[in-house]
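Number of protein chains: 2
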Amino acid sequence: MTASFDRDVIVQQMRRIFMPRGVAVVGASGTPGKLGYAIVDNLKNGGFAGHVYPVNPGADEILGYRCYKSLDEVPDDTDVALISIPARAVASVVPSAGAKGIAALVVISSGFAETGERELQEELVRLAREHNVRVLGPNIYGYYYTSMDLCATFCTPYNERGGIALVSQSGGVGMAILGYSRSRGMGVSAIVGLGNKCDVDEDDLLEFFGQDPNTEVIAIHMEDLKDGRAFFDTAQRIARQKPVVVLKAGWTDLGARAAASHTAALAGEDRIYDAAFAQSGVIRAHTLEELLDWSRALQLLPDPEGEDVVIITGAGGLGVLLADACVDRGLGLMSMPADLDEEFKACIPPFGASGNPIDITGGEPPETYRKVIDIGLTDPRVHSLIIGYWHTILTPPMVFAELLGEAVADARSKGIHKPVVVALAGDTEVETAARYLEERGVPAYPYAAEKAVAALAARYQFWRSKNDAGISS
Amino acid sequence: MTASFDRDVIVQQMRRIFMPRGVAVVGASGTPGKLGYAIVDNLKNGGFAGHVYPVNPGADEILGYRCYKSLDEVPDDTDVALISIPARAVASVVPSAGAKGIAALVVISSGFAETGERELQEELVRLAREHNVRVLGPNIYGYYYTSMDLCATFCTPYNERGGIALVSQSGGVGMAILGYSRSRGMGVSAIVGLGNKCDVDEDDLLEFFGQDPNTEVIAIHMEDLKDGRAFFDTAQRIARQKPVVVLKAGWTDLGARAAASHTAALAGEDRIYDAAFAQSGVIRAHTLEELLDWSRALQLLPDPEGEDVVIITGAGGLGVLLADACVDRGLGLMSMPADLDEEFKACIPPFGASGNPIDITGGEPPETYRKVIDIGLTDPRVHSLIIGYWHTILTPPMVFAELLGEAVADARSKGIHKPVVVALAGDTEVETAARYLEERGVPAYPYAAEKAVAALAARYQFWRSKNDAGISS
Chain X
1041 MTASFDRDVI
1051 VQQMRRIFMP
1061 RGVAVVGASG
1071 TPGKLGYAIV
1081 DNLKNGGFAG
1091 HVYPVNPGAD
1101 EILGYRCYKS
1111 LDEVPDDTDV
1121 ALISIPARAV
1131 ASVVPSAGAK
1141 GIAALVVISS
1151 GFAETGEREL
1161 QEELVRLARE
1171 HNVRVLGPNI
1181 YGYYYTSMDL
1191 CATFCTPYNE
1201 RGGIALVSQS
1211 GGVGMAILGY
1221 SRSRGMGVSA
1231 IVGLGNKCDV
1241 DEDDLLEFFG
1251 QDPNTEVIAI
1261 HMEDLKDGRA
1271 FFDTAQRIAR
1281 QKPVVVLKAG
1291 WTDLGARAAA
1301 SHTAALAGED
1311 RIYDAAFAQS
1321 GVIRAHTLEE
1331 LLDWSRALQL
1341 LPDPEGEDVV
1351 IITGAGGLGV
1361 LLADACVDRG
1371 LGLMSMPADL
1381 DEEFKACIPP
1391 FGASGNPIDI
1401 TGGEPPETYR
1411 KVIDIGLTDP
1421 RVHSLIIGYW
1431 HTILTPPMVF
1441 AELLGEAVAD
1451 ARSKGIHKPV
1461 VVALAGDTEV
1471 ETAARYLEER
1481 GVPAYPYAAE
1491 KAVAALAARY
1501 QFWRSKNDAG
1511 ISS
Chain H
1041 MTASFDRDVI
1051 VQQMRRIFMP
1061 RGVAVVGASG
1071 TPGKLGYAIV
1081 DNLKNGGFAG
1091 HVYPVNPGAD
1101 EILGYRCYKS
1111 LDEVPDDTDV
1121 ALISIPARAV
1131 ASVVPSAGAK
1141 GIAALVVISS
1151 GFAETGEREL
1161 QEELVRLARE
1171 HNVRVLGPNI
1181 YGYYYTSMDL
1191 CATFCTPYNE
1201 RGGIALVSQS
1211 GGVGMAILGY
1221 SRSRGMGVSA
1231 IVGLGNKCDV
1241 DEDDLLEFFG
1251 QDPNTEVIAI
1261 HMEDLKDGRA
1271 FFDTAQRIAR
1281 QKPVVVLKAG
1291 WTDLGARAAA
1301 SHTAALAGED
1311 RIYDAAFAQS
1321 GVIRAHTLEE
1331 LLDWSRALQL
1341 LPDPEGEDVV
1351 IITGAGGLGV
1361 LLADACVDRG
1371 LGLMSMPADL
1381 DEEFKACIPP
1391 FGASGNPIDI
1401 TGGEPPETYR
1411 KVIDIGLTDP
1421 RVHSLIIGYW
1431 HTILTPPMVF
1441 AELLGEAVAD
1451 ARSKGIHKPV
1461 VVALAGDTEV
1471 ETAARYLEER
1481 GVPAYPYAAE
1491 KAVAALAARY
1501 QFWRSKNDAG
1511 ISS
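Residue numbers (our numbering), protein chains in the order written: chain X, 1041 to 1513; chain H, 1041 to 1513.
For the record, the hints were derived by calculation from the structure and aren't laboratory data. Heads up, some of the hints might be wrong.
When chains are identical, the list treats them as one kind, so a pair holds in a single copy or across two.
What the hints assert, rightly or not - Listed below are the simulated DSSO-like cross-link pairs for lysine-lysine, each with C-alpha atoms no more than 30 Å apart in a straight line:
| # | residue 1 | residue 2 |
| --- | --- | --- |
| 1 | Lys1454 | Lys1074 |
| 2 | Lys1084 | Lys1266 |
| 3 | Lys1411 | Lys1454 |
| 4 | Lys1074 | Lys1385 |
| 5 | Lys1074 | Lys1411 |
| 6 | Lys1506 | Lys1266 |
| 7 | Lys1282 | Lys1411 |
| 8 | Lys1109 | Lys1282 |
| 9 | Lys1282 | Lys1385 |
| 10 | Lys1411 | Lys1266 |
| 11 | Lys1084 | Lys1411 |
| 12 | Lys1385 | Lys1454 |
So that you can see chain X by itself, here it is in the shape it has in the complex:
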């Protein structure tokens, strides 16, 4: 749909959407419980520093903001108009938006193609083109852009800033994104609903987030692509500079049929998607949990400098699960060079296992973990570390978390940036330890083993596709 704009124009348009000077809310309401109230309330409580212009012919003021009778009256610095009025009335707003020079309508209203009202939606698109206005939506929860404290949504405010831009076609998935992010303390740059995506599409957002200094990782939930060629052309460029993870829903027959009735999506042949994702360097997640977990980890992890992964574990049993997962996820366990093996051996008890995994055993004090981890971080032949922690009295969870946090920080201060992921087996304190580690840039997973490996594998996938394309890290 965006073939008609060139890249610079798209970026300019998107900049005005994500960094607006002023935002109008058409259908603003002073009545708590209404969507039009929630939107104004979230703009205000979210802390947006730009102008907010409620539009409602029946009110003079809403939540302390001066209210305008129509979009014709709002000040000229309005870049975006959020729309929360009945579907049938939406198209009528377009000419005024065009006349004002507004960059985009963000149409939260539903009642378009997803309910069978295709003509309403087509008319909206036709008018928008005619008046040079972009349309985000319709049928969406809105969007967030945290570096502007912009919560342009009827959902709840979110302001944990970070480098992940998350895009979802579905509002339900959007709410899962929001809850997961808050629960895990995950910093996001943006959360965007696409809904029926009658105009603004994944490729527009890729174009913007690709050049957005606030965004390091792009995560997309999609049910279809309106314009596959445009998406993959853009992805080809972007996905080797910043990790792009996609959860493509509707990949089975029954899922595709459900998608068709949900957002009028035409899911298409899944094998074609699969091949196109691989070719363009897009990382494909197969579950919502993978999309969220991998986004989180992709942001925290640096690129490795090679394929040689080393597993260090306090519990032999975890080492086995981690080794299985490495094979399953296509990670290469380093063949331990004799001198390095000796170095590790010198730190662990005689009945521990050297080689790879290195099993320091469960009877060891914090110093053993620290020594072995330091060797792994320092030796340039080791490219990534997977650590399997076992909760013991000698090395309790937070003692371990602190020593690992310190070891990673020390390495960084010497210019060593290696991916480190952790699987934590232990009592409930490991949840606190996991949170502590993630706050220090180390993805950590309580009560799980394979998830740590899958997360590291996602970063490897990005790094490899970047290398294949000849882009140095």
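Dock chain H against chain X, hints included.
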């Protein structure tokens, strides 16, 4: 290894291990921080009502219990001796244990085959056979049996009673089990470490838990099988009466190599395991998280009465992910009969989607969820429900959780027991809602879709293998 005992004898032996009158602790210590102290402390703090007999030649009393000089002196009602002394000294205890009529040594000590000391371990087994004493371990964290408040371990006490018996070969995996169980409020009947399993093996435990009225689900982490035939013979009988889930570690070359150095396990050809699990009705988990999640769900879910699954969702996007997952996990979405379709249609807005998934859309009040769920629960043609909840202002998470909890309870009071699983997309309140639902027998997963389906599929796998074997539910 257990071929020499017949079933009744095994059950009698295991009963004495799990329901001992008296427990001796050889290597008990009065010094906090020592393993021998932690074991006695856990027996005491765990609330074990039987007798505790510390054995230590250098002490008169430990933690308020009278201390014995040697195992020869402990009272005759001693059924189990927990052993926490150096490996080299363990075998010497066996004759006294035999003379006392003790059923089993639970050897927590390490330093046997896993550190290369195969002969020490063989000698232990030889003597144990000679003196008619069973051996659990060596190289284990111990075991729990909650209905006896028995925490025979150096780990922390656990007393949330329930129907899941969890067995792990690795202590690390055991600690993950413990933490997950506590974090999720998961009721367990037993947690058992097997370690080197020089004698007592998965088949002994299957035999016991199979007939144990406190156990409804059996979950096993294993790195190898010492006697595959014995295991599968037993599993064949048990796994169609109670769900048995197995995580077989070491299923890749590298994993198998790691297992060999961890518990001297001989992992064997994975395809053979795969076929044998399927034939004997064992449900195979592929990750630690699946083992834990599925055990939890298998306990909560009743058997379905047929293959017709219905998805009810408040978010079309979740419906798509759930439908995909059903196909992926081999669940059959019901073809909606016309009359039932009409019944559902009458409850949902005209732009909602009937069929299957049924999308009630996000703008609906609690009553709509309730009506649609009630139809699904009541109509005998619907065999299972998968619910995709979308957090909205109109139906917040706890309002949803309460209405669903009530709907399920009402159905049960009418004798209707159908599997219901829930995927929750929303802000952090969905975590509370998930916990609330699980306490009422409904497996619920925040920020995830596919996990709910995978859990239901595990119950279907059990039910189908039971049906194939001609056992009615």
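- Against the structure, test the hints numbered earlier, and report the numbers of the ones violated in rising order. 1, 2, 7, 8, 9, 10 and 11
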